[in-house]
Amino acid sequence: MITTLLFILFAGIAIGCAVAMVAQRNPLYSAISLIGVLLSLACLYVMLAAPFIAAVQVIVYAGAIMVLVVFVIMLLNVEDEEPRRNRLAFLAPTAIGLAALLIAETAFILYSVQASPYTPRDNVSNVGLTASVGTGLFTEYLLPFEITSVLLLMAIVGAMSLARRSNIISANSRVVPGSQVLPMNVLDPLASDEAAVETDSTVEARFLMGVDRLTDPNKRG
Amino acid sequence: MGPQLSWYLALSAILFTIGVVGVIIRRNVIAMFMCIELMLNAVNLTFVAFSSFFRDVTGQLFVFIVMTVAAAEAAVGLGIIIAIFRNRETLDVDEASILKL
Amino acid sequence: MNELDWTNPLIFSVAKIVAISVAFLAVMLLVALTVLAERRVLAFIQGRIGPNRVGYFGVLQPFADFIKTMVKEDLVPDQSTKFVFLLAPMIAVVTAIMAILVYPFGPTITLPFLGTIQLVIARFDVALLYVLGVTSVGVYGIALAGWSSNNKYSLMGGLRSSAQMISYELSLGLSLVGVVLLTGTLDIYSIVEQQSGWYGMNWNILYQPLGFLIYLISAIAETNRVPFDLPEAETELVAGFHTEYSSIKFLLFFNAEYINMITVSMLATTLFLGGWNGPFVEQLPILGVAYFAIKIVFFLFLYIWIRGTLPRFRFDQLMDFGWKVLIPLAIFNILITATVLFVRGS
Chain A
1 MITTLLFILF AGIAIGCAVA MVAQRNPLYS AISLIGVLLS LACLYVMLAA
51 PFIAAVQVIV YAGAIMVLVV FVIMLLNVED EEPRRNRLAF LAPTAIGLAA
101 LLIAETAFIL YSVQASPYTP RDNVSNVGLT ASVGTGLFTE YLLPFEITSV
151 LLLMAIVGAM SLARRSNIIS ANSRVVPGSQ VLPMNVLDPL ASDEAAVETD
201 STVEARFLMG VDRLTDPNKR G
Chain B
222 MGPQLSWYLA LSAILFTIGV VGVIIRRNVI AMFMCIELML NAVNLTFVAF
272 SSFFRDVTGQ LFVFIVMTVA AAEAAVGLGI IIAIFRNRET LDVDEASILK
322 L
Chain C
323 MNELDWTNPL IFSVAKIVAI SVAFLAVMLL VALTVLAERR VLAFIQGRIG
373 PNRVGYFGVL QPFADFIKTM VKEDLVPDQS TKFVFLLAPM IAVVTAIMAI
423 LVYPFGPTIT LPFLGTIQLV IARFDVALLY VLGVTSVGVY GIALAGWSSN
473 NKYSLMGGLR SSAQMISYEL SLGLSLVGVV LLTGTLDIYS IVEQQSGWYG
523 MNWNILYQPL GFLIYLISAI AETNRVPFDL PEAETELVAG FHTEYSSIKF
573 LLFFNAEYIN MITVSMLATT LFLGGWNGPF VEQLPILGVA YFAIKIVFFL
623 FLYIWIRGTL PRFRFDQLMD FGWKVLIPLA IFNILITATV LFVRGS
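Protein chains in written order, with the numbering used here: chain A, 1 to 221; chain B, 222 to 322; chain C, 323 to 668.
Hints were generated in silico from the structure; no laboratory data involved. Be aware that one or more of the hints could be misleading.
No more than 20 Å apart at the CA atoms, straight line, and that leaves these computed lysine to any residue pairs for SDA-like [stated by the list, open to error]:
(1) C:Lys646 with C:Gly630
(2) C:Lys404 with A:Leu153
(3) C:Lys394 with C:Lys404
(4) C:Lys474 with C:Lys394
(5) C:Lys338 with A:Met160
(6) C:Lys474 with C:Val349
(7) C:Lys338 with A:Asp80
(8) C:Lys404 with C:Ser568
(9) C:Lys646 with A:Leu76
(10) C:Lys646 with A:Met47
(11) C:Lys474 with A:Met74
(12) C:Lys646 with A:Thr3
(13) C:Lys394 with C:Lys646
(14) C:Lys390 with C:Lys338
(15) C:Lys404 with A:Asp80
(16) C:Lys338 with C:Trp328
(17) C:Lys404 with A:Gly36
(18) C:Lys338 with C:Leu441
(19) C:Lys474 with A:Met47
(20) C:Lys338 with A:Val46
(21) C:Lys474 with A:Gly36
(22) C:Lys338 with C:Ala354
Owing to the predicted nature of the structure, the values given are computational and were not obtained by experimental measurement.
Model the full assembly from the supplied sequences, consistent with the hints where possible.
Below, the structure written as structure tokens:
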């Protein structure tokens, strides 16, 4: 009885957050809704006697992957999505018909599962405990485990080579340790043919982070 | 008699469908990426539900591997998204309709 | 009947609610005492006397501060991210306080009418991973606070602080793997039980000194304390991610930081210093609670002492130290521990 109520609660939260994630225009709110989905799924995993997978879901998915997504949203300063005109409105009756068909199929499946004889199972299971997951991972499924570590190495190398920017530090500049990269004509006034170099620190920071290459602060003033 | 296996599978199907709808509807590439993560999580729920009801640990091991692959995909995918943003100044996939920058 | 039937769901739920309330009140009182102790101890280190006017030795000072901060004006920024502005301190304080569920406050005690009770709120198999997971989710409070304040100092402080927290989470988790290898379980109650006996020679700090050191440094960095508090120091980025927060929301962040300190100290005592173990605990089990409290207070004093003594790291020095020194050291520690266990076991 209590497990049924808990299932309905967590499933409701998951579906609600998922619908919110799709319907929100602000990508940061979508990310927060997705974190809600991940946490409610972790609670469902606990109900399914898989505590290790629930903890790994919170640590890896909600605590690392979504932090990465939130950082990227904050870095790129993503704006809200503009609502656009619904160009496929003429397909609405087909959509309703197919949805009704899908609901009918699902109802039939659920009915036939419900009508089949119920074999009660004992309430004790140690399948989801850390020991059994660890044993399986290191004995029978050792090869996928090792290949997954190679996959992570590939991902690290790939992400680093994608995010690296070349040619920011050009040949005629000097790096002063502990501060930003300055062009030569700032460090050596005799080498400059301009009276003054003015930079704007925010624009400079965006340029150095590679976010907008279209405005070059060294060409201003 | 708690929640049955079919309930968990139905929930997973609903979440997967919401994810597919999200990928089709959203134009922001980060939002599309998040809907793909939602689909992966729906599949994870199916695996864990089967593993629990059939008392087999293989499902949870597969979920472990799927989570690792999702983490790797997130890192590389977001790197690609940042590279796209640097070149086009927009995250709208409808604008990225031709190969020319 | 002589003893309560703990398998009855109603009695079980009432017992858990009582346990949660007692633990919550105890942690809140400890936070108040820590706030006061920080001001007094820092004052003594710096050659002055701290607040001692409000009540005996200034004991009521934190409550006076609480009342003063509550009646201040609550400022909310006038733009569209109000929801996130409200959500961030809630996430910070909820994830901070959720971690106290799994720590055992004492050994199994036998009370006359209540039977034998384990002094822990929840005992389950993956308790250590639960603590790490809750810490991981706590990063969102700070990142979202920095973003939603619509203030470039808050944004820089929030991003720097969350980058620091996710970097030091790695060495935090890796330093605990050595203890898990030694005890063979992730259940914190069992880890504490395994450290009993042998007059304190079984405490994990003697078997994992490098792990303890790495854990301590990572914990100080994780809770954003000196010497790792660049993102929220007053002389640096105004006040970092909580610049724009006032009144109750600021109190929530403030509380979250001190509760984080307390939970991290609890983890250090249970995993490395033997938890509730101490002299004469087998004869008088209620002494275990006192020993646990004494060890936590020792760690809090260590935090305050370090705050009064050390200067703070620059941000790039901080990140270099976390990634280039602590993580390789922690992996090295795991390697040594695993090798020794393998050689001894074969």
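Consistency of the hints with the structure:
no.: 1; hint: C:Lys646 with C:Gly630; verdict: violated (26 Å)
no.: 2; hint: C:Lys404 with A:Leu153; verdict: violated (40 Å)
no.: 3; hint: C:Lys394 with C:Lys404; verdict: holds (19 Å)
no.: 4; hint: C:Lys474 with C:Lys394; verdict: violated (24 Å)
no.: 5; hint: C:Lys338 with A:Met160; verdict: violated (48 Å)
no.: 6; hint: C:Lys474 with C:Val349; verdict: violated (34 Å)
no.: 7; hint: C:Lys338 with A:Asp80; verdict: violated (44 Å)
no.: 8; hint: C:Lys404 with C:Ser568; verdict: holds (14 Å)
no.: 9; hint: C:Lys646 with A:Leu76; verdict: violated (28 Å)
no.: 10; hint: C:Lys646 with A:Met47; verdict: violated (40 Å)
no.: 11; hint: C:Lys474 with A:Met74; verdict: holds (12 Å)
no.: 12; hint: C:Lys646 with A:Thr3; verdict: violated (47 Å)
no.: 13; hint: C:Lys394 with C:Lys646; verdict: violated (44 Å)
no.: 14; hint: C:Lys390 with C:Lys338; verdict: violated (34 Å)
no.: 15; hint: C:Lys404 with A:Asp80; verdict: holds (15 Å)
no.: 16; hint: C:Lys338 with C:Trp328; verdict: holds (11 Å)
no.: 17; hint: C:Lys404 with A:Gly36; verdict: holds (18 Å)
no.: 18; hint: C:Lys338 with C:Leu441; verdict: holds (11 Å)
no.: 19; hint: C:Lys474 with A:Met47; verdict: violated (43 Å)
no.: 20; hint: C:Lys338 with A:Val46; verdict: holds (19 Å)
no.: 21; hint: C:Lys474 with A:Gly36; verdict: violated (27 Å)
no.: 22; hint: C:Lys338 with C:Ala354; verdict: violated (24 Å)
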